[in-house]
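A.B. asks: Since the structure of chain X is provided, determine the placement of chain Y on it from the hints.
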Amino acid sequence: MKISQLSVFLENRPHSLLEPLQALAAAQIDLSGIALADSEQFGILRLVLRDWARARALLQSGGWAVTVTDMVAIQVEDQPGGLVRILEVLAAAGADIEYMYGFFVRRSGRLAMLFRFAAPERAIAALEGAGVTMLGEDALY
Amino acid sequence: MLKERWNDRAGGFHPVSAPDFLPRPQLRELQSRRLQAMVARAWDKVALFRERLEARALTPDDIGGIGDIAALPFTVKADLRDTYPFGLFASPMDEVVRLHASSGTTGKPIVVAYTREDVEVWTEAMARTFAACGLHRGDILQNAFGYGLFTGGMGTHYGAEAIGAAVIPVSGGNTERQIMLMRDFGVTAVCATPSFFVHLVEKAAEMGVDLKSLPLRTGVFGAEPWSDGMRERIEAETGIEAFDIYGLSEITGPGVATECTCHDGLHVFEDHFFPEIIDPATGAALPDGEEGELVLTTLSKRAMPMIRYRTRDITAILTEPCGCGRTMRRIRRISRRSDDMFIIRGVNVFPSQVETALLEVEGTVPHYQIVLTRDHGLDQMTVEVEVTPEVFSDTVRGMEELRARIGRAIEHVLGIRVGLRLVGPHSIPRSEGKARRVIDKRHD
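As they're listed, the protein sequences go chains X and Y. Letter by letter, the first sequence follows residues 18 to 158 in this note's numbering. Letter by letter, the second sequence follows residues 8 to 451 in this note's numbering.
Just chain X, same shape as in the assembly (with noise of 0.2 Å):
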């Protein structure tokens, strides 16, 4: 049910999303979901992508810091309310989430929403329990 997402640590310069993805194109590897988070200081870029294991030794290799982060994804009506009716979900469990981001699964053309829980169990115990839809691996790329 957990995604692996790959973490990594941009510097606040020119150029520091460009040569990661640059490594990962070079080596023909595709991506399913991407988002960003920035601070003044730093970046953090955060992929899913079914070829993780051999993008993180890449990018590890390539001298980049990488961390793996389980994540679980949440499929969300793509209607008014749809999110809404997960998150009173996991606000009714107490379920603390630390950053959340979305993207469209091409093949199945179904939304997915991608969070990152600070106790997974819990939430992924929750969100079971009202029946919400989770999405494997194999739903996702």
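Think of the hints as simulated: they come from the structure by calculation, not from any bench. Don't take every hint at face value.
[Unchecked claim] Facing chain Y, from chain X, some residues (calculated, C-beta under 8 Å): (1) Glu28; (2) Arg63; (3) Trp81; (4) Ala82; (5) Tyr116.
Ideal Cβ placement from N, Cα and C applies to all residues, glycine included.
C.D. replies: Showing chain Y alone in chain X's frame:
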């Protein structure tokens, strides 16, 4: 053969270490005799020295012994530059067998010379250094100090051969090959600058070589200031015992002082190199125990006697007897050079303090540099610290907390708040010799 193994389980010492244990009165007598001969020789052969004595209305006869040393004038680095290349030599070139020179990055290079006897004394001092670090015949020493004009490589090389170790003269650089040699040759000891060794440790991990599984057990580090925190980190990560050694080309090169296995200060080989501590502002001699600038006088050097040479290194002479039994006085580990100091908002800052602060933050490795800039006439200091995979967090909050922890640690040590920038792994250039910790852009 058995007699040549020392510092072993039996606790014996190699004969080369005998002078380390001279009774103090006998040592003082030797120092007095050697100082008188040195002053007489310099008076005879070195014009600058003679002029300075005459200006003080002194002759060699006024120096009755080592107790009179403070009457003599200082020698400073500028004297070596002003007399470039051979102006301070006391031996004709047909008695000189070796010349070394500084790299000259801060102006004209300085040149130092050795007669055959000088090389022998240097070799003896380095052999005593290695013996104090527990090396012996049978050790395989990888010498990563630079060979060439720099005194580090050849000084350690001769000393290690003299105690019978097998020396690999690999010099600096070629990190991957260094690790291959270390592994394939079963290297037991390494000589390097501490910053280069940290680089080697990092590279070994990348190559999947576990240094703890190798026969490597001793590291002899010098040529730049490093902290006890760095020592703890090196020892914990590699399982070796790390020794600090001290020296400078003007006096002989490496071999002026060394730690013993007690690791509580460095014994100065004061039968050849006499240490004093002075107040760097007034030049007044300070008593043992007080902190000030280290001043060294060569007592046996022939080609280039150095009398009361101001090292710019800040330390103190430790007075308590050392647990190892050596009678040679110790200097406290040198972590600061007055040359390295800079002033930020009225506060004196040494690069080593930044290193100490970084080592307090768990998970950070001391890959850092200090960038000095000038903004509207005010000096600004920014510390750049590399983010390693170990401390990198995927959350902004986690990274902000890391920044705050590092910032607090630096502020705690320096007493002022400075700029802090997190940079990517490997973005700070690795040194293959002395680390360049400070990038000064104030005059760009």
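A.B. asks: For the hint on X/Arg63, does the least C-beta distance to chain Y fall short of 8 Å?
C.D. replies: With a closest approach of 7 Å, the X/Arg63 hint holds.
A.B. asks: Grab the minimum C-beta distance from X/Ala82 to chain Y and call the hint holds if it beats 8 Å, violated otherwise.
C.D. replies: holds (4 Å)
A.B. asks: Would the stated hint for X/Glu28 survive a check requiring a Cβ distance to chain Y of less than 8 Å?
C.D. replies: holds (5 Å)
A.B. asks: For the hint on X/Tyr116, just tell me whether its beta-carbon gets within less than 8 Å of chain Y.
C.D. replies: Cβ of X/Tyr116 sits 7 Å from chain Y, so the hint holds.
A.B. asks: Holds or violated: X/Trp81 as interface residue toward chain Y, Cβ cutoff 8 Å?
C.D. replies: holds (7 Å)
No hint from the list above goes unmet by this structure.
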